[in-house]
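Residue numbering for the sequence shown follows the working numbering, beginning at 39 and increasing consecutively.
It is possible that some hints are incorrect.
Derived CB-CB ranges, DEER-like [to be verified]:
id, residue 1, residue 2, range
1, K170, A240, 45 to 55 Å
2, P283, L119, 40 to 50 Å
3, F63, G275, 32 to 42 Å
4, T41, I175, 17 to 27 Å
5, Q297, D196, 24 to 34 Å
6, G177, R79, 14 to 24 Å
7, P254, S198, 22 to 32 Å
8, R271, N108, 43 to 53 Å
9, D97, Q297, 47 to 57 Å
10, V83, L119, 32 to 42 Å
11, N182, R256, 27 to 37 Å
12, T110, T208, 27 to 37 Å
In silico EDC-like links for lysine to aspartate or glutamate, alpha-carbon gap of 16 Å or less [claimed, not checked]:
id, residue 1, residue 2
13, K227, E123
14, K180, D225
15, K56, D146
16, K151, D85
17, K170, E123
18, K152, D86
Please keep in mind that the hints were generated in silico from the structure rather than gathered at the bench.
We put the CB at the ideal spot given by N, CA and C, even for glycine.
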Amino acid sequence: MATYTLQEASIQLPDIFKDRTMNLFTLSENNASEFTFVVSRASAVHDDTVQKVAARIIDEMSVTVPAFVNVTSQLIEIDNLPAVELFYHFENDGIEIWQKQSIVLLDDEAGGKKIVCYIGTCPGRFSDYYAKQYQEIIGSIKFNSLKYDDEPVPVAPDSSGIFFSFDNDTKVLTAHETVTLLYQNVDLKRALNGSYLFFDSAGSPLRIAALNNEEPLRYALWTAPHRKNSSLRDILGMAKAFQGPADLASEQQILAFLQRHRDV
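All chains, full assembly: derive it from the sequences and hints.
Right under this line is the structure:
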């Protein structure tokens with residue numbers, strides 16, 4: 039389960055939920071349009087880079103935003119991670135709006151990647167005063183580090199026993215009798231983009247990742263020792279359908295299976 043710490047409270051959500059929250063901060067309570075700082079989040083595909091994402095944002099805004107002019111685009115770093123800073127202006131209801139947008143790619147704990155954008159906005163020209171406020175905020179960013187109880191290890195290719203896959207889009211939970219059968223029945227591209235959750239026979243989470251750093255890349259399931267990841271029990275109630283062996287075709291049967299595994 040992922041724990042989200044909000045300003046007022048913390049909540050726990052299964053990994054099937056994607057974080058698409060947006061945070062809006064204003065410099066002035068009385069004049070909210072003076073300067074705003076926004077943090078937005080979106081999904082990325084597994085082969086995205088910050089350069090690709092930045093180019094895509096520029097292309098989209100060129101088409102959808104009136105009088106869009108991109109002034110600069112430069113590579114920067116945010117907390118030692120590569121990022122791209124865009125500086126541009128456009129018109130909204132006859133008013134010229136200036137924005138700085140810094141874009142970074144982060145690993146999503148549940149799998150895949152996510153895009154995080156930090157956007158400073160002000161009507162009229164982006165003065166040195168506002169530029170200073172923006173840069174100080176960007177310079178203060180410290181990303182949360184993933185803490186592991188143990189190092190991840192790959193699942194052996196000849197592993198037998200039950201492995202589970204949960205399709206985040208269809209909400210179908212499938213039980214596979216070997217890891218090889220799982221590999222044969224999931225879409226690798228969708229898996230790399232975080233469209234599945236994977237679990238071993240104990241209901242512990244697994245993640246898909248590359249086995250090597252050279253072409254051709256080979257992928258496998260790995261243990262996911264990050265303690266925030268959802269277990270199979272956490273997402274069982276979200277399944278709309280079940281596939282696999284006849285004795286694992288319902289929520290009750292899978293719960294009984296997990297209990298037997300725990301009792302061994």
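Here is how each hint holds up against the structure:
no., hint, verdict
1, K170 x A240: 45 to 55 Å, "holds, 53 Å"
2, P283 x L119: 40 to 50 Å, "holds, 44 Å"
3, F63 x G275: 32 to 42 Å, "holds, 36 Å"
4, T41 x I175: 17 to 27 Å, "holds, 25 Å"
5, Q297 x D196: 24 to 34 Å, "holds, 27 Å"
6, G177 x R79: 14 to 24 Å, "holds, 20 Å"
7, P254 x S198: 22 to 32 Å, "holds, 26 Å"
8, R271 x N108: 43 to 53 Å, "holds, 48 Å"
9, D97 x Q297: 47 to 57 Å, "holds, 52 Å"
10, V83 x L119: 32 to 42 Å, "violated, 18 Å"
11, N182 x R256: 27 to 37 Å, "holds, 29 Å"
12, T110 x T208: 27 to 37 Å, "violated, 43 Å"
13, K227 x E123, "violated, 29 Å"
14, K180 x D225, "violated, 34 Å"
15, K56 x D146, "holds, 9 Å"
16, K151 x D85, "holds, 9 Å"
17, K170 x E123, "holds, 15 Å"
18, K152 x D86, "holds, 10 Å"
When each numbered hint is compared with the structure, violations occur for hints 10, 12, 13 and 14.
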